[in-house]
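There are 2 protein chains.
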Amino acid sequence: MTTQEQKAIPIPQVEARASIPTQNLRVPGPTVVPPKVQAAQAAPMINHRGPEFAAIMKRVTLRLQYFFQTASPVLIYPASGTGGQESAIVNLFSPGDHIISITIGNFGDRFAKIASAFGLEVTRIDFPWGQAADPAVVEARLKEVAPYRGVLLTHNETSTGVTNDLQTLATLLRRLNPDALIVVDAVSSLGCVQLEMDKWDIDVVLTGSQKGWMIPPGMMMIAASQRAWEAHKSAKLPRFYFDWTLARKSLDSWQNPYTPALSLFYALDVALEMMLAEGREAIFERHARAGEYVRSRAKAMGLKLLSDHKNASNTVTAILAPEGIDTKTLLKKLREEDSVVFATGQDHMRGKMFRMGHLGFFSEADLAQAMDALEKQLHALGFQG
Amino acid sequence: MTTQEQKAIPIPQVEARASIPTQNLRVPGPTVVPPKVQAAQAAPMINHRGPEFAAIMKRVTLRLQYFFQTASPVLIYPASGTGGQESAIVNLFSPGDHIISITIGNFGDRFAKIASAFGLEVTRIDFPWGQAADPAVVEARLKEVAPYRGVLLTHNETSTGVTNDLQTLATLLRRLNPDALIVVDAVSSLGCVQLEMDKWDIDVVLTGSQKGWMIPPGMMMIAASQRAWEAHKSAKLPRFYFDWTLARKSLDSWQNPYTPALSLFYALDVALEMMLAEGREAIFERHARAGEYVRSRAKAMGLKLLSDHKNASNTVTAILAPEGIDTKTLLKKLREEDSVVFATGQDHMRGKMFRMGHLGFFSEADLAQAMDALEKQLHALGFQG
Numbered sequence: 005m006t007t008q009e010q011k012a013i014p015i016p017q018v019e020a021r022a023s024i025p026t027q028n029l030r031v032p033g034p035t036v037v038p039p040k041v042q043a044a045q046a047a048p049m050i051n052h053r054g055p056e057f058a059a060i061m062k063r064v065t066l067r068l069q070y071f072f073q074t075a076s077p078v079l080i081y082p083a084s085g086t087g088g089q090e091s092a093i094v095n096l097f098s099p100g101d102h103i104i105s106i107t108i109g110n111f112g113d114r115f116a117k118i119a120s121a122f123g124l125e126v127t128r129i130d131f132p133w134g135q136a137a138d139p140a141v142v143e144a145r146l147k148e149v150a151p152y153r154g155v156l157l158t159h160n161e162t163s164t165g166v167t168n169d170l171q172t173l174a175t176l177l178r179r180l181n182p183d184a185l186i187v188v189d190a191v192s193s194l195g196c197v198q199l200e201m202d203k204w205d206i207d208v209v210l211t212g213s214q215k216g217w218m219i220p221p222g223m224m225m226i227a228a229s230q231r232a233w234e235a236h237k238s239a240k241l242p243r244f245y246f247d248w249t250l251a252r253k254s255l256d257s258w259q260n261p262y263t264p265a266l267s268l269f270y271a272l273d274v275a276l277e278m279m280l281a282e283g284r285e286a287i288f289e290r291h292a293r294a295g296e297y298v299r300s301r302a303k304a305m306g307l308k309l310l311s312d313h314k315n316a317s318n319t320v321t322a323i324l325a326p327e328g329i330d331t332k333t334l335l336k337k338l339r340e341e342d343s344v345v346f347a348t349g350q351d352h353m354r355g356k357m358f359r360m361g362h363l364g365f366f367s368e369a370d371l372a373q374a375m376d377a378l379e380k381q382l383h384a385l386g387f388q389g
Numbered sequence: 005m006t007t008q009e010q011k012a013i014p015i016p017q018v019e020a021r022a023s024i025p026t027q028n029l030r031v032p033g034p035t036v037v038p039p040k041v042q043a044a045q046a047a048p049m050i051n052h053r054g055p056e057f058a059a060i061m062k063r064v065t066l067r068l069q070y071f072f073q074t075a076s077p078v079l080i081y082p083a084s085g086t087g088g089q090e091s092a093i094v095n096l097f098s099p100g101d102h103i104i105s106i107t108i109g110n111f112g113d114r115f116a117k118i119a120s121a122f123g124l125e126v127t128r129i130d131f132p133w134g135q136a137a138d139p140a141v142v143e144a145r146l147k148e149v150a151p152y153r154g155v156l157l158t159h160n161e162t163s164t165g166v167t168n169d170l171q172t173l174a175t176l177l178r179r180l181n182p183d184a185l186i187v188v189d190a191v192s193s194l195g196c197v198q199l200e201m202d203k204w205d206i207d208v209v210l211t212g213s214q215k216g217w218m219i220p221p222g223m224m225m226i227a228a229s230q231r232a233w234e235a236h237k238s239a240k241l242p243r244f245y246f247d248w249t250l251a252r253k254s255l256d257s258w259q260n261p262y263t264p265a266l267s268l269f270y271a272l273d274v275a276l277e278m279m280l281a282e283g284r285e286a287i288f289e290r291h292a293r294a295g296e297y298v299r300s301r302a303k304a305m306g307l308k309l310l311s312d313h314k315n316a317s318n319t320v321t322a323i324l325a326p327e328g329i330d331t332k333t334l335l336k337k338l339r340e341e342d343s344v345v346f347a348t349g350q351d352h353m354r355g356k357m358f359r360m361g362h363l364g365f366f367s368e369a370d371l372a373q374a375m376d377a378l379e380k381q382l383h384a385l386g387f388q389g
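In order, the protein sequences belong to chains Z and U.
So the first sequence is numbered by our numbering: it starts at 5 and just counts up by one.
So the second sequence is numbered by our numbering: it starts at 5 and just counts up by one.
Excised from the complex, chain Z in its bound form (with noise of 0.2 angstroms):
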């Protein structure tokens, strides 16, 4: 095409920006975010090169580490969890390199996905969806492999409302492999149900900002072991922009190789002193009991879960849709009714099930109201229980 035929774009006819409506958002990510954290978002720009920003930026990464339980620097980066995977396997892998992947569930697929973008070669570990990682077929696969560098594996699988044993786990992959990477997508997890990255031995973790940290979306959260540093030194994928080299090389000065995402790190600052100060056990216990709670509410209203009990979620429910119930229907009645949300099952279980988030920022109140109003619903559609 031709400068001349190129025609000006015109100012386009959109609909008007509508106030965002409060809801009960019981999606399992982005959650709730407190009002206070909501408020720090507001606060004046700064220079990320200036003193004020390196208080916050070492603020933030040495309380990260607690909440880590690493004494690995925690690296920041504007990303999505998605990108927080990726620059897992960018730094500590090569081109061919053999890697297994431990998968139940639509993050774990995406995971391995992500390796095989990016050239590796992937031995996957499935299990079905609802179900956990069986330590008893995990070995008995990987004494049939050919020798792996690494494992990929979901500590909570935000698509099926199921949490791996991951202590189990790790303290099994280091035994059978002790030279093996383990790297633990903690997206929905970390904040919300113990996960002990040093001491369990684990390689990496990762998380995203939008679950457990209670701020909006938008920041990856990744720390690395001796061992996965190591690792790094040598590996061969391309990568610049989730260089981990360069942002440690930063975090000397407590600055960012880039621009952070300074509004979310003002929100995080003040989210980290909130859960500062409730506790990280007393955090640990809420949300199991919010995972109680809700398993027990759905039960009683003769709903099925898509986990077993053993190992359901804490932090989300996947339920089952009743036999003759539209979820399409079901999620928006209760969302323009009664403002609740819920989220769609993913991949080949939308329209089978729904999902509903209990992490971050809640109070018991908005769970009892979510199943309340659910309950209203489904009998509204016709169910029995």
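Accuracy of the hints is not assured; some may be wrong.
No copy labels: a pair is met if it fits in one copy or bridges any two.
[Said to hold, decoys possible] BS3-like, lysine-lysine: derived pairs with alpha carbons at most 30 angstroms apart:
id, residue 1, residue 2
1, K337, K303
2, K117, K240
3, K336, K253
4, K11, K380
Just so you know, these hints were derived from the structure itself, not from any lab.
Given the coordinates of chain Z, assemble chain U onto it according to the supplied hints.
The following block gives chain U in isolation, referenced to the frame of chain Z:
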């Protein structure tokens, strides 16, 4: 290290959180954010797969197309501008591709570095800091190089305060090689100075949220021409997070492939409304007046600029440190005594100059206060002018 040797991570002792100061932030990004845009970030979270977000995503995307002056979709990522540079490279090229990098400063250098990191064959055409790319030199060099797939260039070089004559360069590049991809880093120019993506037949334009868009950092926006989308189909560099195909597919339902930075979308939605109210050409004129004012004030004080007048940027001015003036002391006094924040020189120009941003949200009074304070502090430090 065995499990037993790992010590529990204690709660870190850190400096208490201080309130964020309101300053006359005159760095070339992040820019000052208008109060209405600051406040917009504090709105509640919503489901990024729901209808409320789809309306925002649609409005923001279409309005960005107007400011990019392109009929192509604008893709939006949680990332910095550097992520945008990486996104362009991994989506357009294959390992070993020969490309040209026209570099006039630090951010042009970074673009070339990313290309090399991803295994491209890079021929650099460098110009000294403070100068724009000379079309005659570019033409002479391009006539002697091996065939090339694309050309990377910077519209406005934030490190030197120089704006390339992009229209002339793009016309030249297209004439010399009708098939080569013209890839433009417009991080600190788009939305501030004229850039007609489609009319100038540019293949990729990328920008960052914390510049002309008047919102905090953390989002990157990028658009590709039909020629670029064609090239993308056969581009073999590994990618996932920044894969345009995934983003474009999600755009069909006004969604993102991964969780978007919601509060920054809220901010951008309001900022674009303000930009349309002001008018695109009026914004360009305001930036032209700002550049002219800052340069004339600096010269009247007896200061020298890094750039020659002809190619001086209307979004950032690089001022050379006068003989005997320590820029570190000068910038510290300005920050602490006058709440005026300038940026340091980068790379080999650290300590030899400082930079003043005049882009995004500012008033003439902001610029006057900054220049007045600069004049006062220079005199206090013994500068005679």
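Evaluated hints:
1. K337 / K303: within (21 angstroms within a copy, 65 angstroms between copies)
2. K117 / K240: both (19 angstroms within a copy, 16 angstroms between copies)
3. K336 / K253: between (48 angstroms within a copy, 24 angstroms between copies)
4. K11 / K380: Answer is neither; intra-copy 54 angstroms and inter-copy 50 angstroms both fail.
Comparing the model with each earlier hint shows a violation of hint 4 alone; every other hint is respected.
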